[in-house]
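Novice: Sequence:
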Amino acid sequence: MRLTWKDALATAVAGANVAIYAAFTTGTDLAIIDSVRGASGAILLLGLAGGCALSAPPEEYRHLSWYAGVMSTLGGLALLAGALGLIMASELALTVLFSSTIALWLIATLRHALAPAKTEVLR
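The sequence shown begins at 1215 in the working numbering and counts up by one.
Please note that a few of the clues may not be correct.
Pairwise CB distance ranges (calculated) [to be verified]:
id, residue 1, residue 2, range
1, Ala1282, Ala1331, 19 to 29 Å
2, Ile1246, Ser1279, 33 to 43 Å
3, Pro1330, Trp1219, 27 to 37 Å
4, Leu1217, Gly1283, 19 to 29 Å
5, Ile1246, Leu1278, 20 to 30 Å
6, Met1302, Leu1217, 34 to 44 Å
7, Ala1327, Arg1251, 16 to 26 Å
8, Arg1325, Asp1243, 34 to 44 Å
What the hints contain is simulated information worked out from the structure, not anything from laboratory work. Every residue gets a Cβ at the ideal spot worked out from N, C-alpha and C, and that includes glycine.
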């Protein structure tokens, strides 16, 4: 595979997630991300936009059940942590949300960069 514009956009979203998490952990006074709920909501929304909206259709991963399993587990963990961060204002949940979101981005980007390119069969 090759890296595409979707990978570049997902990288920008991951960078925004890093900036939000770093600003929160250093005690920023920015309006939305100065609270656990605000930072959780921002990272969750960016993760949904950068991961779910830009992902490939499911039929592309039928032969990669291990990949789909790992990514689905990480995605479910991120969603659960995001919900807990919003509901309970848990800093641990925010950390799990951030870590799983970055792990999703990293695994997907490495897979796209290192997987062999698709070749069409001539008939």
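Novice: Does each hint fit the structure? Answer for all of them.
Specialist: A quick look at each hint next to the structure:
no.: 1; hint: Ala1282 - Ala1331: 19 to 29 Å; verdict: holds (20 Å)
no.: 2; hint: Ile1246 - Ser1279: 33 to 43 Å; verdict: holds (39 Å)
no.: 3; hint: Pro1330 - Trp1219: 27 to 37 Å; verdict: violated (20 Å)
no.: 4; hint: Leu1217 - Gly1283: 19 to 29 Å; verdict: holds (23 Å)
no.: 5; hint: Ile1246 - Leu1278: 20 to 30 Å; verdict: violated (37 Å)
no.: 6; hint: Met1302 - Leu1217: 34 to 44 Å; verdict: holds (37 Å)
no.: 7; hint: Ala1327 - Arg1251: 16 to 26 Å; verdict: violated (35 Å)
no.: 8; hint: Arg1325 - Asp1243: 34 to 44 Å; verdict: holds (38 Å)
Comparing the model with each earlier hint shows violations of hints 3, 5 and 7; every other hint is respected.
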